Amino acid sequence: MTEQQAGLAGDIMENGVAMTVPPGFSIDRREGHTDEYFLNMGPQHPSTHGVLRLMLRMDGENVLEVVPHLGYIHRGLEKIGENQTYLQNIHLTDRLDYLSSHINNLALCLAIEKAMGIGVPERAEYIRVMVCELQRIQSHLLWWGVLGMDLGAITSFLYGFKERELITDIFEEMCGARLTMNFFRPGGSFADVPDTFIPRVRAVVERMKSAIDEYDTLLTNNVIMHLRTKGIGVLAAETALAHGCSGPVLRGSGVAFDVRRSDPYSIYDRFSFDIPVGTVGDCFDRYKVRMEEMRQSLRIIEEAAASFPGGPYRSKKYATYNLPAGSYYSQVETARGLLGVYIEADGGPKPYRIKYRSPSFANLSALNDLAAGHKLADLVPIIATLDVLIPDIDR
Amino acid sequence: MKTQAKNIQGRGYPVERGGFVPDGQVHWSLAGYLTHLVNGCLSLVKGMGLTFGYFSHPGRIITQQYPENRETLVMFPRFRGRLALVMDEAGGAPLCTACGMCEKACPNGSISVLTRRDSGNRKVLGRYLYRFSQCTLCNLCVESCVFGAIRMAQDFELAAYDSSDLQLVLYGKEE
Ligand code: SF4
Ligand code: SF4
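For the record, the sequence lines run as chains P and Z.
Read left to right, the first sequence gives residues 1 to 395 (this note's numbering).
Read left to right, the second sequence gives residues 1 to 175 (this note's numbering).
Rather than coming from a laboratory, the hints here were simulated on the basis of the structure.
Among the hints, a few may not be true.
[To be verified] A few chain P residues that face chain Z, going by a derived Cβ cut-off under 7 Å, partial list only:
| hint | residue |
| --- | --- |
| 1 | Q84 |
| 2 | Q88 |
| 3 | E172 |
| 4 | E173 |
| 5 | N182 |
| 6 | I212 |
| 7 | D213 |
| 8 | T217 |
| 9 | L218 |
| 10 | T220 |
| 11 | N221 |
| 12 | E238 |
| 13 | A242 |
| 14 | G244 |
[Claimed, not checked] Counterexamples of contact, computed for chain P against chain Z with all Cβ distances above 12 Å:
| hint | residue |
| --- | --- |
| 15 | G76 |
| 16 | G119 |
| 17 | V205 |
| 18 | G347 |
| 19 | Y352 |
None of the values given here were measured: they were computed from a predicted structure.
C-beta atoms are modelled at their ideal positions from N, C-alpha and C, and glycine is treated no differently.
Could you build the full structure based on these sequences and the hints that come with them?
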């Protein structure tokens, strides 16, 4: 017992048979629970959203304990970052949460700007806000489609990608990439938005408004969706806070925390938007929060597009970005929650240490509290509505 | 010990199936059950209606028919495909002055600029090596080049069977 509580792998004797307990489990084998067994889920599993590996302790079909095993796609981005200049580090942040790459770029740029006192022109701020909100919608659309697919509704996957494609096209025309954008630079972005940007954005906003209603018809009001998500994976607000959850996961539990509002970066303080919160904290609440977030993002984009200013898209370009010695921190709200970038600078062109506080990592830590006691099939919507992104966890 | 199931499904939460679970015990009502049954069926029909709407009116579908449209497919001007040298419009010589800034800017060591001396003993571009297999298409090299001598090309079907096929010599191949 003590050995397992300490989280060590070890053999226990069970009815005279030696059993190996995987590391990380606190197993209590009592009378009446004789058919407990361990099940490996992932890394290559269609509903773990990438390469998440979960070890499950099961009693029949009931999940008793979930232990995520990380590291399958660990690339050591923080270590690589120590050998790259600050400018080169921006393209590494694309690879954290690849569905929020613009927002990740922004987080690092904000830290550099803070350290060097670089100002950002008005037009660049508007570009940043609009692009980040488009990215949030784009990310939520993928999540929405994949959630449907996880629950067995292939239709929603295709419908989600339909509108997502329009947003991806805007990005492609603007910066040339569809996934790893590497668009923002300290003081602005590497290029101005093309002339077609605003008309295209307006068209997407118009279309998205009716599209979200379609999504509601397809999935939000669907009875199967309700049965599979309501009351499943209830996350209490205190638990969510204790685990450091953020983003829609935390808001789904009823805590109205959003970095855009509580610590406004860029020019978010100029726009009016609501922070949707859930009441119960179950899978359906997290779902509804994300759907409402898309609507709020549309509001921000519309407001920004209406007052989009001219002028320069980037302030003065530096040949090298040498941050003065010291430590710098910036945080943004990605589609998944709070992303923090902490830089320890030694005055040179490369960071002495760079640390990312990624939202998915903290959100995943609540998985056991959500899933323990549910059926194995309920684990799928729980993972889907946590919306963890594995490269963001493993880095 | 935290082995006992902590989340009893639906505790304290109105269950849509027509029952209510205030104490872990489901209380059923016939009216609730029937309402749920009818609403549930309706929601499925509505969803199917939307699908059939698209089926009969495919105007809102935006799917590209790739690869059938290969001939007519035009990428956006800023599309970031693999690296290419920009040539002088008249003579076809590269604009590159072999300054090496792109090599320095590349985070992945994908570029090697090798110089040679021309007849006037000036340093000019000898060979331009580009390891596409290491390139993340980040655009930093293009930004660093003050001469506008490199650009991201538009081609995107770049898969190869052997990684050695991705070691490209953009200039000075014959040497
Ligand atoms: S491509 Fe541009 S940056 Fe690179 S060596 Fe040539 S001139 Fe210099
Ligand atoms: S695009 Fe980026 S990785 Fe590729 S050669 Fe240029 S600087 Fe290097």
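Status of the hints after comparison with the structure:
| no. | hint | in the structure |
| --- | --- | --- |
| 1 | Q84 | holds, 5 Å |
| 2 | Q88 | holds, 4 Å |
| 3 | E172 | holds, 5 Å |
| 4 | E173 | holds, 4 Å |
| 5 | N182 | holds, 5 Å |
| 6 | I212 | violated, 13 Å |
| 7 | D213 | violated, 10 Å |
| 8 | T217 | holds, 5 Å |
| 9 | L218 | holds, 5 Å |
| 10 | T220 | violated, 9 Å |
| 11 | N221 | holds, 5 Å |
| 12 | E238 | violated, 14 Å |
| 13 | A242 | violated, 14 Å |
| 14 | G244 | violated, 20 Å |
| 15 | G76 | holds, 14 Å |
| 16 | G119 | holds, 20 Å |
| 17 | V205 | holds, 16 Å |
| 18 | G347 | holds, 19 Å |
| 19 | Y352 | holds, 18 Å |
Checked against the numbered hints given earlier, the structure breaks hints 6, 7, 10, 12, 13 and 14 and satisfies all the rest.
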